[in-house]
Amino acid sequence: MDQGLRGDVQVERILVYSFLKNCHNCDFSKELDSLRNQVMVSSPKDFLCVEFDDEELQTDGNRSGRFQNGEPGSGFDEEVFQLIGARLAEIGDQVAREIDQRVVNDLVLQFLNENLSRAEIMRRLSNTVEGLMRAVPLEMEREKAMLVLAMVLARTVANKMPSLLHRVFNTTVNYINQNLHDYVVNLE
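Here the numbering used here is used: the first residue of the sequence shown is 1, the next is one more, and so on.
Since the hints were made in silico from the structure, they are not lab data.
Among these hints, one or two may not hold up.
Pairs of lysine to aspartate or glutamate residues, derived as DMTMM-like cross-links and limited to a Cα-Cα distance of at most 20 Å, are as follows [unchecked claim]:
| id | residue 1 | residue 2 |
| --- | --- | --- |
| 1 | Lys160 | Glu114 |
| 2 | Lys160 | Asp33 |
| 3 | Lys160 | Asp27 |
| 4 | Lys144 | Glu98 |
| 5 | Lys30 | Glu98 |
| 6 | Lys160 | Asp8 |
| 7 | Lys144 | Asp106 |
| 8 | Lys144 | Glu130 |
| 9 | Lys160 | Asp100 |
| 10 | Lys144 | Glu188 |
| 11 | Lys160 | Asp106 |
| 12 | Lys144 | Glu114 |
| 13 | Lys160 | Glu98 |
| 14 | Lys160 | Asp93 |
Label pairs and their in silico Cβ distance ranges [said to hold, decoys possible]:
| id | residue 1 | residue 2 | range |
| --- | --- | --- | --- |
| 15 | Ser29 | Ala119 | 26 to 32 Å |
| 16 | Asp77 | Leu112 | 35 to 41 Å |
| 17 | Leu112 | Lys30 | 18 to 24 Å |
| 18 | Glu79 | Ser34 | 19 to 25 Å |
The structure presented is a predicted model; accordingly, all values stated were derived computationally and were not measured.
Glycine included, each C-beta is placed from N, C-alpha and C at the ideal position.
With the sequences and hints as input, model every part of the structure.
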C-alpha cells in the first residue's frame with residue numbers, strides 16, 4: 001500500500017461527505033455539520049440530499065469527463081462528486097444490510113483505541129474492507145465495491161459512535177485516496 005497521499009484529497013472529501021450527508025436515520029448529523037467547512041471548496045451552497053433519475057448519472061466511469069481545469073483552485077466539478085456520493089449512498093444502504101455487526105463493532109473498538117497510529121488504523125480499515133470483499137458477494141466491479149464498503153463502514157462506525165466521525169472521515173478519505181484515487185477521479 002502506498003503510504004503517501006496521491007494528490008489532493010478534495011475529491012475524496014467531497015465524495016465521502018456527500019455519502020455521509022445522504023445517510024438516512026443517522027445519529028451523527030451534528031458532527032457532520034462540523035466537517036462541512038473542511039470539505040467545501042468554492043461555493044457556500046449546501047450539500048443537499050439528491051433525488052435521482054436513473055438516466056441522470058452513472059457511477060461506472062462511463063460518463064463523459066467534465067473536468068473544469070480552467071476554474072481557479074478546482075480541477076473537478078464539485079457538484080458531480082456530490083451527486084456521485086449521494087448515488088453511492090443509495091447503493092450503500094443495500095450493502096450495509098449484508099455486513100455482520102461484529103465486524104463493525106470490532107472496527108469501532110479499533111477507532112476508539114487512541115494508541116493506534118493513523119497508519120495502523122488505515123491498515124485495519126483496509127483489512128476489514130478486504131475481508132468484506134471476500135465475505136459479502138457484491139455484483140459490481142472491485143474498485144466500486146471497495147469504495148462503497150469503505151464508506152459504508154465509515155457511516156456505520158460513525159452512527160454507532162458519533163464522536164468518532166472526524167477520525168473515521170479522515171481515515172476513510174485517506175484510504176480512498178491511497179487505494180482508489182484513480183478510480184474516483186474517473187467517476188465523473
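Legend entry - Proposed proximity, Asp93 with Lys160 (alpha carbon, max 20 Å): Judged against 20 Å, a Cα distance of about 16 Å means the pair holds.
Legend entry - Cβ separation of Glu79 and Ser34, checked against the hinted range 19 to 25 Å: 22 Å, holds
Legend entry - Restraint status (C-alpha distance of Lys30 to Glu98 at most 20 Å): 27 Å, violated
Legend entry - Given pair status - Asp106, Lys160, alpha carbons within 20 Å: Holds: Lys160 and Asp106 sit about 12 Å apart, inside 20 Å.
Inset, instruction - Measure nothing beyond the straight line between the CA atoms of Lys160 and Asp27; if it is 20 Å or shorter, mark the hint as holding. - result: 8 Å, holds
Inset, instruction - Quickly compare the C-alpha distance for Lys144 and Glu98 to 20 Å and report which way the hint goes. - result: Status holds; Cα separation ~16 Å.
Legend entry - Pair hint Lys160 and Asp8, alpha-carbon separation not exceeding 20 Å: Not satisfied, since the Cα-Cα distance of roughly 29 Å exceeds 20 Å.
Inset, instruction - Assess, step by step, whether the Cα of Lys144 is no farther than 20 Å from the Cα of Asp106, and give holds or violated. - result: 23 Å, violated
Inset, instruction - Quickly compare the C-alpha distance for Lys160 and Glu114 to 20 Å and report which way the hint goes. - result: Distance of about 17 Å is within 20 Å: holds.
Inset, instruction - Compare the distance between the alpha carbons of Lys160 and Glu98 with 20 Å, and conclude whether the hinted pair is satisfied. - result: 17 Å, holds
Legend entry - Whether the CB-CB distance between Ser29 and Ala119 falls inside 26 to 32 Å: With a Cβ separation near 30 Å, Ser29 and Ala119 satisfy 26 to 32 Å, so the hint holds.
Legend entry - Proposed proximity, Asp100 with Lys160 (alpha carbon, max 20 Å): Distance of about 14 Å is within 20 Å: holds.
In terms of the numbered hints stated before, the structure departs from hints 5, 6, 7, 12, listed from lowest to highest.
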